[in-house]
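Participant: Each chain is listed here by its residues.
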Amino acid sequence: MSMFKIFDVSGSAASAQTQRLNVVASNLANADTVAGPDGKAYKARQVVFQTLMMGEATSAGVQVSDVIESGDPGRRVHDPKHPQADADGYVTYSNVSPVEEMVNMISASRSYQNNVEVMNTAKGLLLKTLQLGQS
Amino acid sequence: MQRLTQALDFQSQALVLRAERQRLIASNIANADTPGYQAREMDFANALRQATRTASGRELAVTHAGHAAGGFGPGEVPELLQARHSQDAIDRNTVDLDRERASFADNSVKYEATLRFINGSVRSMLDAMKSANQG
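Residue numbers (this note's numbering), protein chains in the order written: chain A, 2 to 136; chain B, 80 to 214.
So here's chain A without its partners, still in its complex pose (with noise of 0.2 Å):
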């Protein structure tokens, strides 16, 4: 009923954009990975969100549902000197989309800073009823 709601949920929302800017340095950091002895190379992560109903029906927080990856093929490139590199002289990278990763991480800030904006206005406002009837 009261207002002290908004910051669980603005306070789920923060953390599943956190976790997902959390996927979004994983990917960037293996962007130029390349694949090992097994062939496999990092697959590219993304989370998905969720609603998170919490008690009433006017609060509705986020939660991270799953984590999914991309089934995209890995870049190739043709280095036959690379230790790495198969029979044929490809070497498989990992299938990270750096401008992809970009977007995602400006995306998920701003929405981390919309969630913090939201919880330190309710702080406001909270803080302002507790001085009502005062001065």
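Rather than coming from a laboratory, the hints here were simulated on the basis of the structure. Please note that a few of the clues may not be correct.
[Said to hold, decoys possible] Non-contacting residues of chain B with respect to chain A, defined by C-beta distances greater than 10 Å in every case (computed):
#1 89
#2 107
#3 181
#4 207
[Claimed, not checked] Computed Cβ-Cβ distance ranges for the label pairs, DEER-style:
#5 B:125 - A:55: 52 to 58 Å
#6 B:83 - A:68: 57 to 63 Å
#7 B:132 - A:117: 35 to 41 Å
#8 A:16 - B:168: 21 to 27 Å
#9 B:82 - A:16: 45 to 51 Å
#10 B:168 - A:85: 39 to 45 Å
#11 A:121 - B:166: 24 to 30 Å
[Claimed, not checked] Covered stretches of chain A, as calculated for chain B (at least 3 residues, CB under 8 Å):
#12 4-13
#13 49-59
#14 70-84
#15 88-97
Everything numeric in this text was worked out from a predicted model, so none of it was measured. By construction, the Cβ of each residue, glycine as well, lies at the ideal position given by its N, Cα and C atoms.
Knowing the structure of chain A, use the given hints to seat chain B on it.
Facilitator: Chain B only, in chain A's frame:
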């Protein structure tokens, strides 16, 4: 006694609904990146009318224990509507972040205004109770 609190009743109902709407908008902002989330909005004027039916003098007849006596009890929420949206997203998310942020700012200001109205009426009541030589 009722005269004293009647003005406060209306404002406190308005304050509760403002807090409710604040939470609803926070939920919409939290779910700005959730696929399939449908943004919701509250018809504030209608909800306030519903909540203050008793305060307006037209009391509802309560002839049965299960009848509601106007206003919202704990856990009851005003009717929620689907928010308008200007652009269709490919993930069926209907949150218009610009509009939500505007609504959030608007609602924050009005929440604070309601707080001031309550503070004002409390102060005038206290002033009226003071004797002339009390300053």
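Participant: Take the hints in turn and mark each one as holding or not.
Facilitator: Hints, verified against the model:
1. 89: holds (16 Å)
2. 107: At about 8 Å from chain A, residue 107 of chain B fails to clear the 10 Å cut-off, so the statement is violated.
3. 181: holds (13 Å)
4. 207: holds (15 Å)
5. B:125 - A:55: 52 to 58 Å: At roughly 24 Å between Cβ atoms, residue 55 of chain A and residue 125 of chain B fall outside 52 to 58 Å, so the hint is violated.
6. B:83 - A:68: 57 to 63 Å: holds (58 Å)
7. B:132 - A:117: 35 to 41 Å: Because 38 Å falls inside the window, the suggested range holds.
8. A:16 - B:168: 21 to 27 Å: holds (23 Å)
9. B:82 - A:16: 45 to 51 Å: This hint holds: roughly 49 Å between Cβ atoms.
10. B:168 - A:85: 39 to 45 Å: holds (40 Å)
11. A:121 - B:166: 24 to 30 Å: holds (28 Å)
12. 4-13: Answer holds; 6 residues pass the 8 Å Cβ test.
13. 49-59: holds (count 7)
14. 70-84: violated (count 0)
15. 88-97: violated (count 0)
This entry does not satisfy hints 2, 5, 14, 15, going by the numbered hints stated previously.
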